[in-house]
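Asker: Here is how the chains run, residue by residue.
There are 2 protein chains.
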Amino acid sequence: MLKRLIHIDNSLDESLQSQIRNKLVEGILIGSFALGSRLPSSRKLAEQLGVARNTVVLVYQNLQDEGYIVSRERSGIYVNEKIHQGWVNQNEVSHHYLPKVSDNQHRFKHAVQTTNQTACPADWQKYNFPFIDGKFDSSLYPVKEWRDANQQANVTREINQWSHLQGLGDDPMLLEQIRTKVIPRRGIQASSNEIMITVGTQQALHLVSQLFVDASVTVAVEEPGYPEVRDLLQYNGAKLVYQPVDDNGMLVDSQLDQCDIIYTTPSHQTPTSVTMSMSRRQALLQKAKEEDILIIEDDFEFESNFLRQPHPALRSLDTENRVIYISCLSKVLASGIQIGFIVADSGVISELKKLRKMTMRNPPLNNQRAVAYFLSLGYYDAFMLHLHKVFFERWLTLREALNTYLPNCIDTGPIQGGTAYWITGPKQLDGENLREKAAELGILIEPVKRYFAKGKHPENCFRMGVTSIPNDRIRAGVSKLAELIHQLTAEYEEKLTDASGKLLSNEVLKKLLPGTRLECQMVYGVPCTIDLLPDGSMSGHTSGIDSETDTGRWWIEDGMYWRQWKLWSYGEVKGFYVVVDGSQMKWFDKNYCFVRQLDIKEHTKNLDP
Amino acid sequence: MLKRLIHIDNSLDESLQSQIRNKLVEGILIGSFALGSRLPSSRKLAEQLGVARNTVVLVYQNLQDEGYIVSRERSGIYVNEKIHQGWVNQNEVSHHYLPKVSDNQHRFKHAVQTTNQTACPADWQKYNFPFIDGKFDSSLYPVKEWRDANQQANVTREINQWSHLQGLGDDPMLLEQIRTKVIPRRGIQASSNEIMITVGTQQALHLVSQLFVDASVTVAVEEPGYPEVRDLLQYNGAKLVYQPVDDNGMLVDSQLDQCDIIYTTPSHQTPTSVTMSMSRRQALLQKAKEEDILIIEDDFEFESNFLRQPHPALRSLDTENRVIYISCLSKVLASGIQIGFIVADSGVISELKKLRKMTMRNPPLNNQRAVAYFLSLGYYDAFMLHLHKVFFERWLTLREALNTYLPNCIDTGPIQGGTAYWITGPKQLDGENLREKAAELGILIEPVKRYFAKGKHPENCFRMGVTSIPNDRIRAGVSKLAELIHQLTAEYEEKLTDASGKLLSNEVLKKLLPGTRLECQMVYGVPCTIDLLPDGSMSGHTSGIDSETDTGRWWIEDGMYWRQWKLWSYGEVKGFYVVVDGSQMKWFDKNYCFVRQLDIKEHTKNLDP
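For the protein sequence lines, the chains are A and B, in the order given. Sequential numbering from 1 applies to the first sequence in the working numbering. Sequential numbering from 1 applies to the second sequence in the working numbering.
The hints are all genuine.
The calculated lysine-lysine pairs, modelled on DSSO-like cross-linking and capped at a C-alpha distance of 30 Å, are:
id, chain 1, residue 1, chain 2, residue 2
1, A, 82, B, 181
2, B, 454, A, 353
3, A, 353, B, 354
4, A, 354, B, 239
5, A, 109, B, 289
6, B, 601, B, 495
7, A, 289, B, 109
8, A, 82, B, 144
9, A, 353, B, 239
10, A, 144, B, 82
11, B, 109, A, 454
12, A, 357, B, 354
13, B, 354, A, 454
14, A, 109, B, 353
15, B, 144, A, 144
16, B, 456, A, 353
17, B, 144, B, 181
18, A, 239, B, 109
19, A, 480, A, 590
20, B, 389, A, 23
21, B, 454, A, 354
22, B, 357, A, 109
23, A, 109, B, 109
24, A, 109, B, 239
25, B, 454, A, 357
26, B, 109, A, 354
27, A, 144, B, 23
28, A, 357, B, 109
29, B, 287, A, 109
30, A, 357, B, 126
31, B, 181, A, 23
32, A, 126, B, 354
33, A, 82, B, 566
34, B, 357, A, 239
35, A, 126, B, 357
These stretches of chain B come out as covered by chain A in the derived footprint (C-beta under 8 Å, 3 or more residues):
id, segment
36, 160-174
37, 195-204
38, 346-356
39, 364-370
These aren't lab readings, by the way, just hints derived from the structure by calculation. Where is the CB? At the ideal position from N, CA and C, for every residue including glycine.
Model the full structure from these sequences, guided by the hints.
Answerer: This is the structure:
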């Protein structure tokens with residue numbers, strides 16, 4: 001029987017000793033070994049299980065220390081009869097089956113209406129191409145550093161410190177680290193009574209809403225915007241005003257005049273990733289001043305500014321204590337551990353602390369201390385540098401892949417960072433259908449419906465993020481997705497066979513292309529100029545903050561224009577049929593499918609044959 | 001300069017390598033070492049600091065891996081210029097001083113009114129005699145076991161698992177452990193969709209209040225009772241009904257008929273430690289059924305039942321899904337880590353999950369997993385056995401000390417457990433004054449004012465707990481406290497010199513005491529009978545669940561009655577002047593101070609001289 005109860009599985013990571021121990025404990029607790037019953041001697045058990053006797057001796061020693069078993073001299077080893085001390089008498093319990101369907105619904109006073117969660121499947125890690133923003137691939141997690149910080153926080157002296165802070169508030173060590181190492185990155189100065197720790201951003205938003213929002217309050221939110229905030233504000237009774245977002249962030253206009261509070265995500269607007277410009281920030285603060293509005297700044301993903309130094313947080317520009325600043329440590333680290341924080345004037349912080357205490361006491365102090373060590377040991381800074389590098393690389397890779405395989409698909413304008421692209425597909429594209437079909441191919445993209453409050457959302461939009469997919473899978477994923485989009489919208493696409501304009505022959509191409517300058521739009525909203533030089537070489541350059549140049553060669557063959565860039569388009573050789581329609585040039589691939597449209601900027605030759 | 005920046009302190013626990021590393025990181029971050037500047041070679045730095053070169057080499061290697069410094073071949077080691085990548089341009093920030101006084105108070109919509117916290121000082125550990133319930137002396141914390149469980153939860157594979165549960169809900173491993181190992185102790189069966197994890201009990205109470213309470217709801221709470229619950233219910237607008245507590249727990253009477261919800265702490269009533277009897281439990285459930293009332297059961301300290309097996313939780317007796325069960329893992333462990341849970345029907349749990357998600361996402365998953373390991377490795381069971389033993393021992397020690405030094409001071413009736421005694425001092429005692437004076441002597445006791453909602457509280461009551469004081473300090477603490485109480489109330493005490501009744505002389509004592517049976521009340525509410533046998537021996541026994549007996553000797557000398565028990569009263573020899581007043585006997589000590597009153601139960605002799 002013992003052998004059946006204690007089955008040893010050599011394929012497990014778990015040590016023999018630990019396996020035997022756990023099975024014995026389980027057997028004792030569920031009653032397979034009766035209380036007070038005698039256990040086999042260590043020699044006998046070792047024989048039966050086919051393990052070294054010493055292993056069993058150690059297990060027994062351990063169980064004895066823990067009180068599961070008792071050893072009686074000259075008699076043997078017994079299950080401790082007192083093991084169930086403190087348990088109820090099971091005979092007193094009514095072992096009835098409770099009705100499965102609750103009759104308590106009618107008692108609910110404040111039912112929660114939540115926006116549907118993103119359609120990301122729970123087993124997203126099994127997909128080959130997960131482009132899901134906010135999920136993180138395992139390679140990013142600073143395992144070694146977190147473990148070290150966590151261990152530092154769990155030595156006896158530290159445990160004594162933090163366990164006694166319970167109920168008293170935040171860990172002073174973490175406050176100091178946030179004050180000196182985290183918020184200065186955003187230009188914010190604060191004393192420690194102007195900072196409060198929270199269990200992630202969501203709790204911060206909850207507490208701030210509880211304090212400032214009721215049915216008399218009108219709040220401006222971004223549209224499209226963060227659905228969880230809309231839910232929270234509406235739960236608290238707020239009237240919402242939906243403020244559009246343009247290339248410079250949330251609009252500042254007279255719609256805001258009626259508002260008491262503005263909620264905004266200026267770093268990287270959720271979900272468009274647009275960064276609010278400095279002038280828009282100033283305008284927003286000015287408007288808030290004129291209309292006496294409180295601003296809730298959700299400083300989302302402030303670490304991912306790739307193309308330029310980040311703008312200062314609104315809170316750092318605030319001269320009137322009008323901005324409540326909410327943020328968290330990098331979501332990669334915070335995911336699971338959930339350390340967020342609020343910066344505001346001490347009067348607000350003090351009231352928020354009362355609210356936090358009443359509703360939860362304080363965020364778990366072991367985590368506060370572990371994160372404090374993570375910061376104080378310099379791991380956080382190093383981790384941020386690393387994340388910045390990794391995300392920037394992926395972000396560029398995705399942009400390059402989109403530009404190559406889906407050349408007409410982005411129109412959010414020039415974004416500077418963030419970890420996701422807002423993508424506008426061909427106008428006949430059904431985004432929901434695309435999402436389903438893509439998932440069948442192992443590609444996860446994010447639908448955007450949930451970000452829109454007002455019912456109507458653009459059916460042909462979706463999001464692709466870089467936090468969850470390793471760099472080396474991005475290109476293949478986008479290439480497959482592009483093929484799928486092509487299939488789904490093929491019937492609406494222009495074909496070479498029915499293209500408007502004139503298909504150019506070998507001779508005409510040879511006569512007309514040399515010396516031509518073409519201009520097209522990169523997917524990320526900046527123009528690209530291509531010069532086809534008469535000597536068969538070509539050069540290209542893009543504008544924007546991160547302008548690029550490349551060179552390559554071009555030639556004509558079989559009635560097609562062929563080109564090969566050194567770096568761009570992965571240096572691949574590719575040929576296109578060329579149609580000219582007025583000042584527009586259109587390229588079609590070898591299957592006669594439309595690829596890209598360009599403007600002919602300069603050509604000194606007559607295109608008529 | 002380096003030597004000044006990097007001061008090595010050999011008295012620290014921190015390794016040399018770690019000290020040098022941290023100082024360098026700090027120097028880099030605060031700009032003592034400018035970005036891009038060259039650092040001394042490892043040889044030179046080692047010389048300057050007087051440490052082995054290898055130490056510095058390892059530090060440099062480490063900093064390079066983390067991105068703080070870069071090594072350029074043939075040139076040296078430099079501070080990485082990109083270290084501030086992702087920081088804002090500090091020139092754009094307005095380095096103004098924000099007004100210190102907030103102007104935001106007028107925007108608060110729901111100001112929190114909280115009952116004052118207990119007067120326990122933050123540095124309570126420095127006091128010699130901390131009798132503060134709910135604070136825990138460091139020796140109790142299962143450091144080794146927690147560290148082990150925590151490490152198990154922070155290996156790569158585990159981190160990958162729990163960090164990806166973010167947003168999806170509770171850790172299935174923890175749910176399973178609670179379902180199979182924790183709630184069965186209380187007689188509760190539940191499937192995993194009937195359990196939800198919370199950040200401690202307070203969050204559980206908050207979420208349940210949010211869901212079930214608004215201004216239309218009347219809630220019965222215990223009086224005296226848990227103040228944080230009153231605050232929470234009132235914050236949510238509830239009308240409160242204050243229900244008295246007797247020796248069997250919260251009263252069940254017609255006052256409850258008007259209530260929609262009953263909040264109760266049946267295991268050990270907060271703050272009186274009274275356990276609700278089985279018949280009261282049945283009556284409460286019956287009342288709830290008749291009046292269609294929802295019960296919130298806060299299963300406080302269910303682990304500390306010392307004198308008998310605990311009663312089953314209300315939830316385990318509930319046949320109608322009428323009980324919402326709230327509890328947490330042992331507060332010793334949960335303090336700081338804060339893992340609590342709710343058991344209710346799946347309809348309620350599902351709604352509570354929505355609420356929790358909206359207000360906080362989920363309790364930190366690293367802690368959920370670490371606690372799951374703490375349970376699955378059997379540490380929790382062993383820890384509970386250990387705690388039970390330690391607290392029981394202290395609880396008995398405190399009772400014995402109170403009985404010896406403050407013989408007339410408890411009247412909560414026979415309690416069965418809990419970790420604190422509710423103590424009623426002499427009726428002229430000013431509890432608040434006692435608390436202050438006691439603190440000056442290093443004794444911390446808990447005032448009870450905060451437990452009473454309705455303004456009036458008994459001035460002469462206080463609480464003494466055993467969770468924070470080691471067993472070997474209890475007697476001395478009570479002895480000192482007794483002296484202080486005696487000083488403070490001396491003027492009201494009966495003195496031998498003005499005692500009513502007749503002082504017995506040597507001769508009368510000798511004639512009358514042999515064969516006398518005396519009866520007195522133990523401080524914990526059970527009678528004690530003492531027989532003075534003619535041969536100079538005596539025997540005593542107490543009633544109650546844990547009745548005790550002891551023997552000793554007695555004699556008469558210098559006009560006083562002397563006695564020495566074998567075990568009771570610490571086996572000390574003590575003499576008393578004896579006054580008889582009708583059927584009452586009063587003892588006075590050698591300073592003529594009143595000690596104790598007893599009933600003379602049997603005496604065959606005439607006491608008149």
